[in-house]
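Participant: Sequence:
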Amino acid sequence: MSMEEYIKMLLEQVRFEKAHKAIGDEIRAHIEEQIEANVSDGMDRVTAEKKAVEDMGDPMEVGMSLDRVHRPQVAWGLIIAAMTIGTVGAMIRMTVAYSEYDEFVIAANAFFGISLMLLAFLVDYTTILKYSKLLAAVLIVGMVLNQAIYSHGPEGNFLWQPYSSTRVVFSTLFILFIPLYSGIIYRYRGQAYKGLIKAVLWIVIPCMYMDSRLEGHAALHVMMIALSLLAQLTIAIKKGWFEIPQKKVIASLWAAFAIFPGNLMIELRNCFPSSKLINVRHVMDRLKPLGCWVVYSNLGGKNVAIAASNYFGVATGEHVLLYICSDWGWAVGLAVILSVIGLIVFGFIALSKIKNQVGIAMGSGCLIWLTANAVANLLSGFGLFLTTYVGDTFFPFISDSNVIVSYVFLGIILSIYKYKNAYSQHVDIEAQSGVQLKLLNYELDIKLRKEVKEEKKALIKQKMGEIIYDKK
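Residue numbers for the sequence shown, in this note's numbering: 3 to 474.
FYI, nobody ran anything at the bench for these hints, they're computed from the structure.
Everything numeric in this text was worked out from a predicted model, so none of it was measured.
Computed beta-carbon distance windows for the label pairs: (1) L118 <-> I142: 20 to 28 Å; (2) I261 <-> E14: 54 to 62 Å; (3) G344 <-> L381: 18 to 26 Å; (4) W78 <-> Y211: 39 to 47 Å; (5) M66 <-> I261: 53 to 61 Å; (6) E38 <-> W78: 41 to 49 Å; (7) K250 <-> K290: 47 to 55 Å; (8) L118 <-> V347: 17 to 25 Å; (9) S426 <-> A333: 41 to 49 Å; (10) F18 <-> S354: 19 to 27 Å; (11) E38 <-> I142: 48 to 56 Å; (12) K240 <-> V140: 27 to 35 Å; (13) A333 <-> K23: 46 to 54 Å; (14) M210 <-> T97: 37 to 45 Å.
Quick reminder that beta carbons are idealized off the backbone N, C-alpha and C, glycines included.
Using the sequences provided together with the hints, build the complete structure.
Facilitator: Set out below in structure tokens:
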């Protein structure tokens with residue numbers, strides 16, 4: 003039995019077809035290594051291959067063993083935890099909603115977020131990577147059209163949108179660029195500074211465009227997205243995608259990025275609304291472990307009791323955690339915070355088990371964006387710094403803001419984990435048509451037939467040599 007025949011028979015036992023290429027490459031490399039060892043021991047090529055294949059064992063048994071290992075991996079714990087946190091978070095927020103419409107919006111966001119998470123989980127993440135440039139182009143067109151409609155649509159026209167709505171759509175489209183970035187720069191693998199420059203431009207140009215179109219109201223959002231993209235680029239450089247001096251380039255990139263948060267902190271320092279900061283600390287000083295609490299405000303010389311959850315205006319914004327702590331007690335608030343942090347940490351743990359490099363970069367970008375926003379919301383919501391003029395923050399899976407995007411990103415993480423045994427370190431993400439795939443299979447069949455013919459010829463020559471030797 004030839005090597006290709008052995009591999010083909012072995013792969014027939016593995017039901018997870020997406021893992022066939024990774025398994026085939028691994029088995030082929032192992033057999034070829036053993037063939038070289040046999041040849042160095044004095045065997046001819048044909049005998050060495052036969053011996054190496056025999057040493058691998060029965061292809062049926064080996065294939066069935068690999069079938070048990072290479073199956074889609076479902077992180078049920080992560081899925082159940084995400085659904086539980088989303089449902090409980092929505093129920094808690096609904097208790098401080100101002101109207102039935104607000105309750106409906108909160109419930110709808112949680113429902114659509116969880117639904118899209120499951121949809122993203124069902125999709126093979128390499129499909130997103132294959133069409134990353136096309137999807138990025140669609141997002142850019144959507145962003146431009148969104149701004150054009152707002153800028154030129156006359157008031158009263160059905161196409162005209164209020165500024166806040168336009169901001170939400172524009173920001174969401176830009177955030178969805180994060181999981182596409184790895185697929186874009188993976189195509190530059192093997193290039194030197196030319197590829198690096200193109201990868202950097204994919205960060206700089208979109209971020210500058212977003213910052214200019216939102217007129218400084220989203221500096222924090224832009225910084226979070228730039229951080230996520232730069233983290234992916236750093237992983238790509240560390241994995242050797244670009245033929246450049248790694249440490250020197252990474253240090254230069256992060257030194258340049260450090261200017262952004264430095265300027266932002268200066269801007270934040272000049273934007274602190276002192277009255278709002280006092281309100282936050284006023285509520286925090288009166289938090290209880292459990293139960294609702296009130297704060298007292300001096301109105302007209304009298305101390306008037308005001309529910310803590312009604313002290314700021316918008317119950318689902320950057321102070322959502324403070325609302326939960328004030329309405330339900332800081333113990334409940336702490337449980338919510340730890341649950342979300344645990345969910346994100348579990349995502350990083352799941353990602354650490356991935357072999358595919360582009361999957362690691364893609365998942366890291368999504369998780370870093372969630373982590374950065376969670377940290378910013380904690381600091382902002384509890385009064386360590388305020389972001390009134392540079393873009394509101396949100397707490398993943400709890401705030402209404404970006405809750406759907408948060409779940410989509412988690413769904414992508416689940417998809418990457420699901421196929422952790424399917425793909426090796428590198429994967430071909432070039433989009434291939436059905437005709438191309440058929441041609442590829444046809445070429446493999448031709449290759450196998452040629453190997454079989456060569457093996458038969460070698461065996462005939464060997465037999466002829468034995469016959470001639472016997473006659474002598």
